[in-house]
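Q: Given next are the chains, with one letter for each unit.
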Amino acid sequence: MSDATGSNLSKEQLLLPAVPEWRRMMNRFLGHRGLLMGSIILGLIVVLAILAPWLAPHDPYLQNISQRMIPPVWHEKGSWEHVFGTDKLGRDYLSRLLYGARISLTIGLSAALISGLIGTTLGVLAGYFGGRVDAVISYIITTRLAMPVVLVALAMSALVGGSLQMVIILLGLLLWDRFAVVARSTTQQLRDAEFIASAKVLGASTTYILVRELLPNILSALIVVMTLEMAHAILLEATLSFLGLGVQPPMPSWGLMISEGKAYMFFKPWVIAIPGIALMVLVLAINLVGDGLRDMNAPEGRN
Amino acid sequence: MAEYALELTNLSRHFHLKNGAFKEPTLLKAVDGISLRIRPGETLGLVGESGCGKSTLAKMILGLLEPTDGDVLINDKMRGASSRLSMSRQLQPIFQDPYSSLNPRKTIEQIIRLPLQLHKIGDANSQQRAVKDICDLVGLPERLLKNYPGQLSGGQRQRVAIARALILKPNILVCDEPTSALDVSVQAQILNLLMDLKKELGLTYLFISHNLGVVEHLVDRVAVMYRGKIVEQGTREDIFQNAQHPYTQALLSSVLTPEPALGLPDVLDSSAWNQAS
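Protein chains in written order, with the numbering used here: chain A, 1 to 303; chain B, 1001 to 1277.
Take these hints with a grain of salt, some might be off.
Here are the computed distance ranges between Cβ atoms for each label pair [stated by the list, open to error]: (1) A/22 x B/1121: 28 to 34 Å; (2) A/117 x B/1069: 39 to 45 Å; (3) A/244 x B/1150: 24 to 30 Å; (4) B/1192 x A/192: 19 to 25 Å; (5) A/133 x B/1143: 40 to 46 Å; (6) B/1143 x A/26: 21 to 27 Å.
If you want the ones that stay clear, here's a sample from chain B, every Cβ over 12 Å from chain A, calculated [said to hold, decoys possible]: (7) 1097; (8) 1132; (9) 1139; (10) 1176; (11) 1192; (12) 1213; (13) 1227.
According to the in silico footprint, chain A covers these stretches of chain B (three or more CB under 8 Å from chain A) [claimed, not checked]: (14) 1061-1067; (15) 1077-1085; (16) 1106-1120.
I should point out that these hints are in silico values taken from the structure, not numbers from a laboratory. Each residue gets a CB set at the ideal place from its N, CA and C atoms; glycine is no exception.
For reference, chain B alone in the conformation it holds in the complex:
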């Protein structure tokens, strides 16, 4: 077994922004020298505000974007060293927007089955069986298999995306804001599903989010990202109870939790409520 499921060493990605024909392009350091290590079975939450480079980082880990500098190691192997096909069996993404991550012209069955077909795993029968099994696992009713993504709700669509990611049995999932496009009530269902899957399959998660409230319930460790850099890293307890960096503190104070003691001001106590009514 590999020592680290996912290891980033000094990973950077710089963009040159054009300012018109005659001006010097400005250098944007979207991701600037990030090193991270995730052990097998661990869940790391990567938090930070919009535009801090989280998604650029995810794209580099998935191999959709070439890093300017640094390496991505998956199960102790360099990302560039082996083919996309073999990498995709170890690491799969769950994208933010389930409305854009499923091809609207394919049925749910075709979508979930596609990884098996691309990797030429099994024959038609065993592929169909695998699709049904994975649907069971993620709580997707079998009758939806013949439907198109347009006929499904947001939560169901995200379940389809999770099923597609899991059908190759990868050990790492990169979740890029997997719940931010969903209704609050559905968010909880999807998060619970991800937790259950982790227990059942021993998955490793890199969980990217701007929402600390979501991350708190899921992760073992938290890394806080700001302007392309990791500003603070620690266990969940460290970060949530004893944040050192001022940016982390600011981020924590911006979270609105539904629990009364954790941030929402108590305007009315019960006696005041009784008097008022």
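This is chain A alone, in the form it adopts within the complex:
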């Protein structure tokens, strides 16, 4: 039995146990159900996407006209040869889905990174320097917010033509607004903190102060924004591809798969249901991770 008065505890036991930082983060991670579930699903999708060449049962580009529109395995006419069936050109749906995950993840991550770089730079500069710099950057942010993203993306991709690279660059240039707003307001809160003043008095350069003193303190907020924008970019890519202005056939983008199946949706609903569900699960997982990261970095429950 443990002694409630603690009189039998040795001096070592009375001292606070030194729990390492990673250990505490790990406990909080495991204690957060949404974050745990989101990371497991997201991790699984990432692993499947990376291992697609080895996991895919067929070549995703191989057409076989005699094997068109085979239903998935749970359907009475389905077979294990094509687990998720085939599309109108006889291409294996599971293989296309696996390769499509690569496209979605690549676009989500790259677009979020590009926009994160743009938005964070602008936001931190505006928040730190204030005054005229802030006025100019705020004006740029407002201008950007006034532009409807889908419309601009459509017009631009219609002008320059859709491709994977174009979609990444386009979305990267369009989705930085939330980064900028969050970086600006968090920087404003920290600008006058005394640890910044102390670094200034020590003679640290402005670059050092911004990158080494300030940025680590706003990073957690930015990572949350990053997950949101990643999900946003993946959905926008699907939208553009669905409208025929994003990733071009025969690449197996999930949005493109839905678009190609839309003529059959009343008679063979699985043609759009399978990539649709995949898209939803991926976006849900990313959002769960984002929410969880926000909770983990929240000040309450943390010392």
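Starting from the structure of chain A, add chain B where the hints point.
A: Using the frame of chain A, we list chain B on its own:
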């Protein structure tokens, strides 16, 4: 050796407060023509109520705010004439709020070591040794070095701030209300530490406070500030026993000291206490 460690000549800082688009801005003279001299090894207490311009003055001395007029001379050299880097080796601040003066994302070791890294003093080994030595000096247990500021108490945090200020071996410390964010019991420890450090290292202090009770135990001379101006200046005995200016007198009468004869009314004498119980 310089004649004065810190000299302020006619230092002023004015702010223009906006009153909306169509009205004239009002002029706020936060600091208005202050001249002060502190000899090496001396401790000057700067007292005054909240909002009288003490912190604005401190910011100008630290170079965080440009003066509207006047000069700051540190060890007989003009503040603007040499780089921040060389100034910071002579003069270091201790800030009011130890909860905001330490970067929450850095370990204590990184925080104390930062000045050495910025000034490129020594290699990794000698820097680590210097950090441990300075921790010894300010009474900070070595086991806390790997911790983050959030895991430390207010008093420990202020010790970290003092260690960071001292590691470059400056001869002047500007303490802007260094104890006002701390518990009363911890305040005394930090004040004693500052006194000991002064004796040991021969430091010069500019000690800014609104609390005369704190200042009384530390300083050699006192300057009383009111509405951006110095209204009275003198040795500790002059000010505390023979204040001339009515504002100083008012400030003194507002101090509550724990010593019975010095202000707190004696409600109960011992016989009354015995009867009551």
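Q: Hint by hint, say whether it matches the structure.
A: Do the hints match the structure? See the list:
no., hint, result
1, A/22 x B/1121: 28 to 34 Å, "holds, 31 Å"
2, A/117 x B/1069: 39 to 45 Å, "holds, 43 Å"
3, A/244 x B/1150: 24 to 30 Å, "violated, 53 Å"
4, B/1192 x A/192: 19 to 25 Å, "violated, 30 Å"
5, A/133 x B/1143: 40 to 46 Å, "holds, 44 Å"
6, B/1143 x A/26: 21 to 27 Å, "holds, 22 Å"
7, 1097, "violated, 6 Å"
8, 1132, "holds, 18 Å"
9, 1139, "holds, 18 Å"
10, 1176, "violated, 9 Å"
11, 1192, "holds, 23 Å"
12, 1213, "holds, 24 Å"
13, 1227, "holds, 24 Å"
14, 1061-1067, "holds (count 3)"
15, 1077-1085, "holds (count 3)"
16, 1106-1120, "holds (count 5)"
The structure shown violates the earlier hints numbered 3, 4, 7, 10.
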